[in-house]
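S.K.: Chain by chain, the residues run as shown.
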Amino acid sequence: GDSVTQMEGPVTLSEEAFLTINCTYTATGYPSLFWYVQYPGEGLQLLLKATKADDKGSNKGFEATYRKETTSFHLEKGSVQVSDSAVYFCALRDTGGFKTIFGAGTRLFVKA
Amino acid sequence: EAQVTQNPRYLITVTGKKLTVTCSQNMNHEYMSWYRQDPGLGLRQIYYSMNVEVTDKGDVPEGYKVSRKEKRNFPLILESPSPNQTSLYFCASSDRGPYEQYFGPGTRLTVT
Chain A
76 GDSVTQMEGP VTLSEEAFLT INCTYTATGY PSLFWYVQYP GEGLQLLLKA
126 TKADDKGSNK GFEATYRKET TSFHLEKGSV QVSDSAVYFC ALRDTGGFKT
176 IFGAGTRLFV KA
Chain B
13 EAQVTQNPRY LITVTGKKLT VTCSQNMNHE YMSWYRQDPG LGLRQIYYSM
63 NVEVTDKGDV PEGYKVSRKE KRNFPLILES PSPNQTSLYF CASSDRGPYE
113 QYFGPGTRLT VT
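For the protein sequence lines, the chains are A and B, in the order given. Here the first sequence is numbered in the working numbering, starting from 76 and rising by one per residue. Here the second sequence is numbered in the working numbering, starting from 13 and rising by one per residue.
Keep in mind that the hints were calculated from the coordinates and are not lab data. Every value quoted in this text rests on a predicted model; they were computed, and no experiment measured them. Even glycine gets a Cβ: it sits at the ideal position worked out from N, Cα and C. Do not take every clue at face value.
The calculated lysine-lysine pairs, modelled on DSS-like cross-linking and capped at a C-alpha distance of 30 Å, are [claimed, not checked]:
(1) 174(A) to 143(A)
(2) 186(A) to 131(A)
(3) 29(B) to 83(B)
(4) 174(A) to 127(A)
(5) 143(A) to 186(A)
(6) 127(A) to 152(A)
(7) 30(B) to 174(A)
(8) 174(A) to 69(B)
(9) 135(A) to 186(A)
(10) 30(B) to 77(B)
(11) 83(B) to 69(B)
(12) 81(B) to 69(B)
(13) 127(A) to 81(B)
(14) 143(A) to 131(A)
(15) 69(B) to 30(B)
(16) 69(B) to 127(A)
(17) 69(B) to 143(A)
(18) 174(A) to 77(B)
(19) 174(A) to 135(A)
(20) 152(A) to 131(A)
(21) 83(B) to 174(A)
Which residues of chain B face chain A? A few of them, derived with a C-beta cut under 8 Å, are [what the hints assert, rightly or not]:
(22) 43
(23) 52
(24) 60
(25) 66
(26) 73
(27) 75
(28) 95
(29) 97
(30) 102
(31) 108
(32) 109
(33) 110
(34) 112
(35) 113
(36) 116
(37) 118
Isolated chain A (complex conformation):
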């Protein structure tokens, strides 16, 4: 079945450091890929998405590119802020939009 694997956390960075959170997937068909962010005590909210191969999603300085050849969707940000501290989830939604598979989540701590 479909699956999503993302790097384990927690990840601890200093403010203005470069961030990469790795995400790889296995899926049949042509899934859509998403990064969601969860702040303490809140539900998930969309960070960015890509619906087909080579698409780049971007938002708030975060970027991720849908790489079909490496089945990856790594999240990057050039300069993190304390306010970026949260849990980040990589997810895929199957071709028909029926099921969504989430990775285990990566907790990010950013120190001032």
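For chain A, the structure is supplied; the task is to place chain B on it using the hints.
M.R.: The following block gives chain B in isolation, referenced to the frame of chain A:
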């Protein structure tokens, strides 16, 4: 304001006592889904619904029931809760297809 609401936000109950967690959305979305979030496992899909009266199992449906009698509501029913259903539950909705989902604030359930 576009939103997904869940009630209750917190619930402590005992084994075997039937309970219902409500979910409502005001965005006229056809698709709704329930997830549970457990440490180290990310979010796992319990049930989803593509439209009124159309529901299907996700990856962890055992011990849960759902119904979709109205487009805006998608309650989650635990007819005989057990301690292994202690978790954080999220409801989500979206348009059908490769689109982002909108999440409720979560319901923290403890079964003793």
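S.K.: Look at each hint and say if it fits the structure.
M.R.: The hints, checked one at a time:
| no. | hint | result |
| --- | --- | --- |
| 1 | 174(A) to 143(A) | 19 Å, holds |
| 2 | 186(A) to 131(A) | 28 Å, holds |
| 3 | 29(B) to 83(B) | 27 Å, holds |
| 4 | 174(A) to 127(A) | 17 Å, holds |
| 5 | 143(A) to 186(A) | 34 Å, violated |
| 6 | 127(A) to 152(A) | 21 Å, holds |
| 7 | 30(B) to 174(A) | 27 Å, holds |
| 8 | 174(A) to 69(B) | 9 Å, holds |
| 9 | 135(A) to 186(A) | 19 Å, holds |
| 10 | 30(B) to 77(B) | 11 Å, holds |
| 11 | 83(B) to 69(B) | 18 Å, holds |
| 12 | 81(B) to 69(B) | 17 Å, holds |
| 13 | 127(A) to 81(B) | 34 Å, violated |
| 14 | 143(A) to 131(A) | 12 Å, holds |
| 15 | 69(B) to 30(B) | 20 Å, holds |
| 16 | 69(B) to 127(A) | 26 Å, holds |
| 17 | 69(B) to 143(A) | 28 Å, holds |
| 18 | 174(A) to 77(B) | 17 Å, holds |
| 19 | 174(A) to 135(A) | 27 Å, holds |
| 20 | 152(A) to 131(A) | 13 Å, holds |
| 21 | 83(B) to 174(A) | 19 Å, holds |
| 22 | 43 | 7 Å, holds |
| 23 | 52 | 6 Å, holds |
| 24 | 60 | 7 Å, holds |
| 25 | 66 | 11 Å, violated |
| 26 | 73 | 12 Å, violated |
| 27 | 75 | 19 Å, violated |
| 28 | 95 | 22 Å, violated |
| 29 | 97 | 19 Å, violated |
| 30 | 102 | 6 Å, holds |
| 31 | 108 | 5 Å, holds |
| 32 | 109 | 4 Å, holds |
| 33 | 110 | 4 Å, holds |
| 34 | 112 | 4 Å, holds |
| 35 | 113 | 7 Å, holds |
| 36 | 116 | 6 Å, holds |
| 37 | 118 | 5 Å, holds |
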